[in-house]
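Use these hints to put chains B and C onto chain A, whose structure you have.
Listed here are the chains, written in short residue letters.
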Amino acid sequence: MQIANLRTSMSRQEWLVVGTAAAATMLAGLLTILNANSVLIFILAGVSLSLLAALVGIATDQLGAHLGSGATGVMQSALGNLPEFFVGIFALRAGLIGVVQAALVGSILGNSLFVLGLAFFVGGLRHGTQRFASETPRMIATLTLLSISALVMPTLVSLLHTPAAGHEEGFSIACAIILLVVFIASIPVSLKGGPICLPTEQKEVTSSWPIWLATLVLVGAGIGAAFVSDWFVQALTPAITFLHISPTFTGLVIVALAGNAVENVVGIQFAARNQVDYAVSVILNSSLQVALGLAPILVLLSLFIGGAHLTLVLAPLLVAALGLAAVLSTVITYDGESTWLEGLALIGLYSIIAVSFWWG
Amino acid sequence: MQIANLRTSMSRQEWLVVGTAAAATMLAGLLTILNANSVLIFILAGVSLSLLAALVGIATDQLGAHLGSGATGVMQSALGNLPEFFVGIFALRAGLIGVVQAALVGSILGNSLFVLGLAFFVGGLRHGTQRFASETPRMIATLTLLSISALVMPTLVSLLHTPAAGHEEGFSIACAIILLVVFIASIPVSLKGGPICLPTEQKEVTSSWPIWLATLVLVGAGIGAAFVSDWFVQALTPAITFLHISPTFTGLVIVALAGNAVENVVGIQFAARNQVDYAVSVILNSSLQVALGLAPILVLLSLFIGGAHLTLVLAPLLVAALGLAAVLSTVITYDGESTWLEGLALIGLYSIIAVSFWWG
Amino acid sequence: MQIANLRTSMSRQEWLVVGTAAAATMLAGLLTILNANSVLIFILAGVSLSLLAALVGIATDQLGAHLGSGATGVMQSALGNLPEFFVGIFALRAGLIGVVQAALVGSILGNSLFVLGLAFFVGGLRHGTQRFASETPRMIATLTLLSISALVMPTLVSLLHTPAAGHEEGFSIACAIILLVVFIASIPVSLKGGPICLPTEQKEVTSSWPIWLATLVLVGAGIGAAFVSDWFVQALTPAITFLHISPTFTGLVIVALAGNAVENVVGIQFAARNQVDYAVSVILNSSLQVALGLAPILVLLSLFIGGAHLTLVLAPLLVAALGLAAVLSTVITYDGESTWLEGLALIGLYSIIAVSFWWG
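The listed protein sequences correspond, in order, to chains A, B and C. So for the first sequence, my numbering puts the first residue at 1091; every next one is plus one. So for the second sequence, my numbering puts the first residue at 1091; every next one is plus one. So for the third sequence, my numbering puts the first residue at 1091; every next one is plus one.
Worth flagging that the hints you see were computed from the coordinates, not collected in a lab. Just to be clear, a hint being listed does not mean it is correct.
Unchecked claim - Just so you have them, the derived chain A footprint on chain C, three or more residues with Cβ under 8 Å: (1) 1221-1229; (2) 1233-1242; (3) 1263-1273; (4) 1414-1427.
Beta carbons are placed, not taken as given, at the ideal position from N, Cα and C, and that holds for glycine.
This is chain A alone, in the form it adopts within the complex (with noise of 0.2 Å):
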């Protein structure tokens, strides 16, 4: 009785990411336990990797609808990034910091640039000039400039000698604890359907899951997303030596956009139907969560976990690229108006900043 219950309470589309989700996650499994090719387990791990980051996705909102939308909005914040998380702490314990670095600042560069880029231009070419109501995603863009000012910081002192230089981790862990602070404080607000609560209205919860269907795949996707990233960070360097690309690069551009790909659909999407208030703030709050949230958990929890100690003490390219996208954003969301031409330079902008790290 209960899966014939499943079945009406699935869409037909939930079902398909639930069934590519499994396949792609027991394949990889498969062929990590047969030591297949690094390269093969990497791509499929990856694509596993955004299907259940998308699967996550889904079973927030669908449990969401049972709990009300301050409670949605706490568990969006909360477990949105869950895979990114899980690729992190493997790959501190790999010891990769650079790649973990590198992943934190493309997932900024590539929702703030990349993904805000295509969704204008797609809406753009569609539906002419966008305007969109500028309050949430200004709200949203200031708060991630304050995060990512003082993201930067401990590179600064690094680069710039001062006296406090040799005080790097620190100084990191300082910084950590202080985006925290603002991080929990900034959960009662969207409790309350505060400021950088998302509009939940416009959200087409297609069909009603039951609540144990929810929760249960919640926590399957979180278990899968667990495996998949031990799995996808252990083929990770024999992949990257065999292609001949830089980790830099790959922290930057593929594991980001692993973490990301189909949230980003969904965006783009949201554009693509002239809703780019809501796309806006979408994409600009994954950033947010990235900046405020993410990277300064990694930073404790790296303490404890063993392996690499990660500090914000980043590449000084990573840090000017940072501060770009942070500028531009908060500049284009100021505006309350885009074009497919906005969209196309930024694009190219997040190009060559792509390419910039290319060469390792």
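Same frame as chain A, now just chains B and C:
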């Protein structure tokens, strides 16, 4: 008869400021003569400076009530940073260039990040999302951004090893003169009630002082500030050596706060009373006065007063922090909206910057 | 009969430009043949270039009157920087890379800081605080900010000692191609009267030239500009050696002004007539054309014309100045308001930047 007159024309609050300022000043003077513990003198002189700064502010407003709003604006511009000016002069004569530079930057950071953040935080907790007419704040923020851009050029020239790198003093003087020309040009604008004239009708001048009293208090507070500044600077080096605080941190946080403490409380009170327009204008205007007036005046005066010559070649991290503060306060002002979360993030960023200068 | 026709179809002002341009061009040519004093030739060729630039502008507008507003926009984009383009080509063939790079940056700084400042100053003194519809200026400013962000990446890559630091030429070419793609994509937008098409109805075409005359003047002015550019570049090195001016200052200030002088006067005239919308659009659009079109075209052409290869690796201070100009002109445009004080501050900042390049 004049004493009786005095009692009615001064409010209880004003009497309190006059009394405690006089007491603190005399005590600080006594301890200096007695060669008391320098930490004690340093703290007492700092408190005394804050109170004298407040007194100069009150007396300026009272004198202004007799002279019209334009003249008040000019006097506020000229006298608002009087205590900081005296501290700067004495510190330069004592050769403490690093402290003076840090105090100038700290004054801007303190206003544009910490005090603005506190105002948003307190105002937002009481009144929810606050909206403010952003024309005057925008104009002030834009001029501040322009002034800070000019202010950082000498450091950029020096840091980037340009051919002009051997001419820092001459170039600093050129920058100072150009900034002062803009500063002087801005004074008639204030006189006519122009764009950077602060709204005066919202000020509650609770009691009206006769003109002789306002002048007397102003002159008295000014002379007091000159003496206290001398004692403050004399005690500074032994005090921070004893307390193991770096000179840059001292200038950036302690000296900057001592010169602005009471004024800041006023700005925050306005936000708490939901007069955000006025609060934002007052707070940002303090930053503008430092960048456009105080800094270039000290550069030029340092050529004549003996002691070290002040240049605008700052520590690179100070310039980076200035840039962040300028961009962020502009973005936040253009928004026209404030929330307590934004305020908290501003306070967080200020804390991170202050911590980064802790190690000396 | 055609001469008589000519006399009626050209206004007195237009005759004046044609006459003085022709006279200055011939005189410059004569002096070059006679091997006259290089300083004299340099000045005369510079004046001649400004006049020919103005002539190209007038002829483009006249030809555009026959072809519709979209075509005018495209031709303005393509031909607006013709004299600067020729100077760039000849200077590259003479190996003067530093001069060309400085002239490109100087053209942007000159427009976005100096000319915009003059327009605000003159307009503000005459008409008080000026408000302008900020949609088109914002769009231009945003695209300029994006273009400049892309333009500075090669310098950042080189300066920050990244692994890509050995590949500056390849990376510059990649950036140039991406910028040109965006530039070409923006042309149909202008054709359709899209966001970066300048309002044309406000232009006063005082007399209507026949199509053959407009074409003739355009071709003549173009050929003249090519010759004069050659003489200008030949005289440049001996002239500045004699005058003890650094090559960077020459490029940044003198070459940049010679290519834009008359156009700038037009922009300022619009502000003086209280048509600020149009003034801001015209002035900022000049910067955008240089960043998005002229700079990448010169990078790509330099690979084929012999002489030095132009890269986008600029002197770090040029990049810092570009960044300041881009951020400031964006902030000031988003404001939607201008005052003479803002204008004065912009002129002050431009002066400070120009002075910083004086020492060579």
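Hint check against the structure, violated hint numbers in rising order: No numbers; nothing is violated.
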